[in-house]
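Colleague: Read off the chains here:
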Amino acid sequence: MKKYVVKRLVQLIPMILGITFLTFLLLYISPGDPAQKRLSAQGVAVTKEVLAQTREEMGLDRPFIKQYGDWLFHLLQADLGLSYKDGTPVNQKLARGMKNTFVLAAGAFLLAVAVSLPLGIYTAVRKNRFSDYCIRFICFLGNALPNFLLAIVLMYFLCIRINAFPVIAKGSLQGLFLPTVALAFPLASRLVRQVRVAVLKQLETDYVSGARARGVKKGYILFRNVLHNALPSIVTLLGLSVGTLLGGSVVIESIFMWPGLGKLAMDSITARDYPVIQGFVILMAVTYVVVNLLTDLGCRLLDPRIKE
Amino acid sequence: MNDIVLSIKNLTAGYGGKAVVSQASFGLDRGEIIVVVGESGSGKSTLLKAILPLEDYGVAMSGGEIIFKNKPLSGMTAAEKNRLNGRQIGMVFQDPKASFNPVRTFRKQFIEALKSHGRYERELFEEQVLELFRKLKLLDGERILDSCPYEMSGGMNQRIAIALAILLEPVLLLADEPTSALDVTAQEQVMEELLRIREYYHTSMIIVTHNIGVAARLADKVGVMHRGKIVEFGAAGEVLEHPRNSYTKRLLDAVPQAGNMAEKREIKAACYLLELKQVGKSYLKRRNSFSALSQVDLLLKPGEILGIVGESGSGKSTLLKQVAGLKKPSEGRIVLHGKDITQKRTNMDFRRMQMIFQNAYDSFNPKLKIRHSIAETLKNLGGMKDRKEVDARIDSLMERVGLEPYLADRYPAELSGGQCQRAAIARAISVNPEVLLCDEITSALDVSVQADIVKLIVELANESGMAIIFVSHDIVLVSNICGSIMVMREGRCIEAGEAKEVITNPKEDYTKRLLASARAE
Numbered sequence: 001m002k003k004y005v006v007k008r009l010v011q012l013i014p015m016i017l018g019i020t021f022l023t024f025l026l027l028y029i030s031p032g033d034p035a036q037k038r039l040s041a042q043g044v045a046v047t048k049e050v051l052a053q054t055r056e057e058m059g060l061d062r063p064f065i066k067q068y069g070d071w072l073f074h075l076l077q078a079d080l081g082l083s084y085k086d087g088t089p090v091n092q093k094l095a096r097g098m099k100n101t102f103v104l105a106a107g108a109f110l111l112a113v114a115v116s117l118p119l120g121i122y123t124a125v126r127k128n129r130f131s132d133y134c135i136r137f138i139c140f141l142g143n144a145l146p147n148f149l150l151a152i153v154l155m156y157f158l159c160i161r162i163n164a165f166p167v168i169a170k171g172s173l174q175g176l177f178l179p180t181v182a183l184a185f186p187l188a189s190r191l192v193r194q195v196r197v198a199v200l201k202q203l204e205t206d207y208v209s210g211a212r213a214r215g216v217k218k219g220y221i222l223f224r225n226v227l228h229n230a231l232p233s234i235v236t237l238l239g240l241s242v243g244t245l246l247g248g249s250v251v252i253e254s255i256f257m258w259p260g261l262g263k264l265a266m267d268s269i270t271a272r273d274y275p276v277i278q279g280f281v282i283l284m285a286v287t288y289v290v291v292n293l294l295t296d297l298g299c300r301l302l303d304p305r306i307k308e
Numbered sequence: 001m002n003d004i005v006l007s008i009k010n011l012t013a014g015y016g017g018k019a020v021v022s023q024a025s026f027g028l029d030r031g032e033i034i035v036v037v038g039e040s041g042s043g044k045s046t047l048l049k050a051i052l053p054l055e056d057y058g059v060a061m062s063g064g065e066i067i068f069k070n071k072p073l074s075g076m077t078a079a080e081k082n083r084l085n086g087r088q089i090g091m092v093f094q095d096p097k098a099s100f101n102p103v104r105t106f107r108k109q110f111i112e113a114l115k116s117h118g119r120y121e122r123e124l125f126e127e128q129v130l131e132l133f134r135k136l137k138l139l140d141g142e143r144i145l146d147s148c149p150y151e152m153s154g155g156m157n158q159r160i161a162i163a164l165a166i167l168l169e170p171v172l173l174l175a176d177e178p179t180s181a182l183d184v185t186a187q188e189q190v191m192e193e194l195l196r197i198r199e200y201y202h203t204s205m206i207i208v209t210h211n212i213g214v215a216a217r218l219a220d221k222v223g224v225m226h227r228g229k230i231v232e233f234g235a236a237g238e239v240l241e242h243p244r245n246s247y248t249k250r251l252l253d254a255v256p257q258a259g260n261m262a263e264k265r266e267i268k269a270a271c272y273l274l275e276l277k278q279v280g281k282s283y284l285k286r287r288n289s290f291s292a293l294s295q296v297d298l299l300l301k302p303g304e305i306l307g308i309v310g311e312s313g314s315g316k317s318t319l320l321k322q323v324a325g326l327k328k329p330s331e332g333r334i335v336l337h338g339k340d341i342t343q344k345r346t347n348m349d350f351r352r353m354q355m356i357f358q359n360a361y362d363s364f365n366p367k368l369k370i371r372h373s374i375a376e377t378l379k380n381l382g383g384m385k386d387r388k389e390v391d392a393r394i395d396s397l398m399e400r401v402g403l404e405p406y407l408a409d410r411y412p413a414e415l416s417g418g419q420c421q422r423a424a425i426a427r428a429i430s431v432n433p434e435v436l437l438c439d440e441i442t443s444a445l446d447v448s449v450q451a452d453i454v455k456l457i458v459e460l461a462n463e464s465g466m467a468i469i470f471v472s473h474d475i476v477l478v479s480n481i482c483g484s485i486m487v488m489r490e491g492r493c494i495e496a497g498e499a500k501e502v503i504t505n506p507k508e509d510y511t512k513r514l515l516a517s518a519r520a521e
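Just so you know, the protein sequences line up as chains A and B, in that order. For the first sequence, the numbering used here gives the first residue as 1, with consecutive numbering after it. For the second sequence, the numbering used here gives the first residue as 1, with consecutive numbering after it.
Careful, some of the hints might be misleading.
Quick list of the computed label-pair ranges, beta carbon to beta carbon [said to hold, decoys possible]: (1) A:V289 / B:D509: 54 to 60 Å; (2) B:H202 / A:K218: 27 to 33 Å; (3) A:P304 / B:K135: 29 to 35 Å; (4) B:E389 / A:L25: 55 to 61 Å; (5) A:D206 / B:D509: 34 to 40 Å; (6) B:T185 / A:V289: 45 to 51 Å; (7) B:E389 / A:F21: 25 to 31 Å; (8) A:K127 / B:Y406: 34 to 40 Å.
Keep in mind the hints are simulated off the structure, nothing from the lab. Ideal Cβ placement from N, Cα and C applies to all residues, glycine included.
One chain only, chain B, in its complex shape:
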């Protein structure tokens, strides 16, 4: 295990003269897995792009050395570099659907890749691929080969992409956030697959992720990147258990911990603010009715924080859209303040419930300044007319959510993800809603930003007595802030109750699985 596959010395690289990675150094042995963690903008992806010499990335090395199998990359001709792609160095991307042409069968794409490296033998192909699929526990290999990527789930696509990368027997596998776009279950499978590959093929890997859980599971060594520098590097256990660098400590602290349960708040109100009775939603899909949501009951008291947990496709976002009035349920009733709002809502009803979305950038009109967007809400739902009054209100809202008021005069694209989400929160609370609906509001954000946003939401709820419905796929995060939890699967609520009860004593197998995979991280 002592032959070095890759060594990086004082690497400085960036785009167009601007260094994004500076002075990075480390070495990678055969069969070793290094996980580089860091938040977005830390330069971790650029590091990978500097190693894999793909022409269209535009990443330029401005200093240092990358030595791959005793040969410096900088001394190679373009043709030599191209020969490395795939055959010596494999790459796995974040977006699982992205690695494959969606409308071309896997078989054709596998053959193309093999042919390009002169490794295709018609008689052996099938056997070779199926053998690999068996080793990676990809069942039903024949069927996979004859399917198109668009017919497969994200998780399957990612696993097949990894299989294809391995088929070319690379010495080094680079993976850029290979699990971030996947459900917990699929994440688990991909991680297992990567470990199996190491076991069978002794492939070395560099995996870049923002997910500390993934690092803990896979890494032999961990590198922590911050502002383009590797601030800490060492054995995984050492770095994650006993971090020495202050940034590493902060990063690890921001990860939600299973132990931090939210305090159950005393709620005095006797009546319910919001009631959902047997709400369901079904769509017509080729003459068959497909039920995205069925028979969901939900009760929310004023000031209560309710968490809804489930994987993608579990119907949690659909449920939230019904509540917000963005879609009408096909059955059941929604009652707000004792008034049935299933079919018809007044502006007042809309004002009472405000929603915050997963992607803050998409929830603003990109061509309008933040101030303009918030003012629209204030005028339409808040009934504020006076311009000075509106401006003053916006300034105070911006301050309330922790943004400088001058940021309101920017366009959404000019804000960072965290800032934009804060602005979205400002817009939602601008009309003093009674219920705040949060749809995965932190999942597009870095962990440390996530921690701040969650803190803000809880503070706002405590201050104004708003009730919150907090939807997330992260059961640990939900348990940290919510008094009660509802677990959803395949459009149904399968478990609900007080957070403490659900976390410490789950009744359903599925909830147990969710908790187990969250704890493994």
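Chain A extracted, bound-state conformation:
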């Protein structure tokens, strides 16, 4: 196991290098001159001389590889440069946003898991009964609704009609409730269905009939055997859902004005604030890669058959 972990960590290095390279390249070839952008953001009158000087200051006149190497060198020291918009260090901005996004995403994730695990198991056990149909119908709706629509509907009824929650979350605890729900509901809907399938697949295996024929109690069968064997697939699904969650948070944070990474990214994109966008993409990619690694390790721990 130890060897495997080391091996996987070593494999991460070229992957992350690749990510940084692509991120840098994408922004390098995208239209718009950052120097001009910075100058106009600072309200300086843009003349040719000033522009050339700023470009030199920012290192934009050097060859691509050199720029990339330089940037990578700073990145390794956790220095992502300064924001074009207001000159604050990018890592400070990201750190602030990350804290808020983590609170939101973790809350939504926990809520979704707490709801979908029991419901998924319940619907699997009560397959094709009335309660199963009801829950599956609601999940169908949750899957079909885009989260921004749900967010707006929730906002309309709970914030404007009955005024129970603030429209703009702005980092308050009470404001956190609606974005969490808007983020968790579609996720939970999908997870319920996936957990249900994973559990059903196990329930339909022959070893369950074997245990029943032996007269093994239902509780033992469901919780010690079926659920245990379904866990690797459930853990994989949870790992994959982190990506959806992070993507969803971009939209939800912008709608509720939650000062997280997602909102930061949206704002930076509209302002062409390249260093911040680069930082955001790298942070997301690394998070995703690490979550995937953890998922794989978890599955290996749960299922002794995964060896090679």
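Please arrange chain B on chain A, whose structure you already have, making use of the hints.
Modeller: Quick look at chain B alone, frame taken from chain A:
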């Protein structure tokens, strides 16, 4: 020995109103073994499912009575029935891996079963289980308990499943094809175990099987089922030696007999059609090279029928895959018509060798009609373009293999196992191959169907002069049709020669063992 454990009177049962078993009656004494034989679809498994009241089977009794220890099952509440499971009636399934959760240690699963019946005592557990294992000659009990089922062979799993069933001390043990998924050696061990259990615990058993050999070995009484009815029932010796019912006679006739040796065909051709020289295949397994096949030589003349015998894992299927070109050998050479085809094959080479697989359903694309699948082969390898010509050819092929041409317009799942295998044969011979490779083509089929398929293959070979390589685990079957035999074990060819010579005068111990266990059946 005279107390009746179970009596069944005029039992009619089935799924959703459709009777699969009708008017079955028999009685079972304590310590008695009844074996029910029949082909697939005869209703023998449904009979077992009607006796063991597991809710999810969906088997409903629509008439008659099942009386277990003087109590009718139909009068019991669901809770009472549930209490029978395991404690009074034990069940053993066909697929040995199926009875256990593959990733949970045997110890935990044993404890679970005992606890569910309130019979678990921590201090006694180990001793109790090891004692049982000793009686059943399951060696190394401690190690078994701490292993997971996925780490064990099918045979071991089956024996442990039987041991666990017995641990709960049931009065009646039901077994659904307990040996069919196992090798001959493992089959032998399971049968011995069942007999030992009867000796020690006087457990009554109903065993369902399609294997007449198993019936002959185990049964006190034999019931023969056909289309849901028990057509013959009586003492084992009586039924198997002097069958009265015409269906029983047909069933027994279809079983391959050791005496029927194939005629050695005169083969005039001087040169060899196919030559394998020192062919081997090894896989990397955790940095160690694992050799699935090593140094196999094989010579095949045109029109020759060669049988390859061995148990699962002996490398016989691997060998066939190398020959067919589905896998490349790691060493050695394969020569067809004097041309080395080890590395590269043309369409012509593929056309010359066609393969038929064990599972006919899996060898067809389930979403394509049979006609479509055969047409694909005709177009790709046969070079036939004209649609009418292709259709006509398919119709004549279907007739040649004994199928009505309209069956070609069905999907594989709409055919029976035997029909589907015939269609697979039709596809294989559609391009007039020179070598037909048959990989256990009858082992998923009933004996009477098996006999027909084998007859068809031999007829086709005689007609067209095709050479055949016939791979099977059944040495008797192979000796019935093949002129020469090759015995494989652990990836090596350990004995080869003329069929008569190998059968009557085997040199290797292993071949002798294979023959002995085949004769015991």
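Colleague: Hint by hint, note whether the structure agrees.
Modeller: Hint-by-hint comparison with the structure:
1. A:V289 / B:D509: 54 to 60 Å: Holds - the Cβ-Cβ distance for V289 (chain A) and D509 (chain B), about 57 Å, lies within 54 to 60 Å.
2. B:H202 / A:K218: 27 to 33 Å: holds (31 Å)
3. A:P304 / B:K135: 29 to 35 Å: holds (30 Å)
4. B:E389 / A:L25: 55 to 61 Å: holds (57 Å)
5. A:D206 / B:D509: 34 to 40 Å: With a Cβ separation near 36 Å, D206 (chain A) and D509 (chain B) satisfy 34 to 40 Å, so the hint holds.
6. B:T185 / A:V289: 45 to 51 Å: 49 Å Cβ-Cβ, so the 45 to 51 Å window holds.
7. B:E389 / A:F21: 25 to 31 Å: 58 Å Cβ-Cβ, so the 25 to 31 Å window is violated.
8. A:K127 / B:Y406: 34 to 40 Å: Since the Cβ atoms of K127 (chain A) and Y406 (chain B) sit about 38 Å apart, the hinted range of 34 to 40 Å holds.
Consistency note: the structure conflicts with earlier hint 7 alone.
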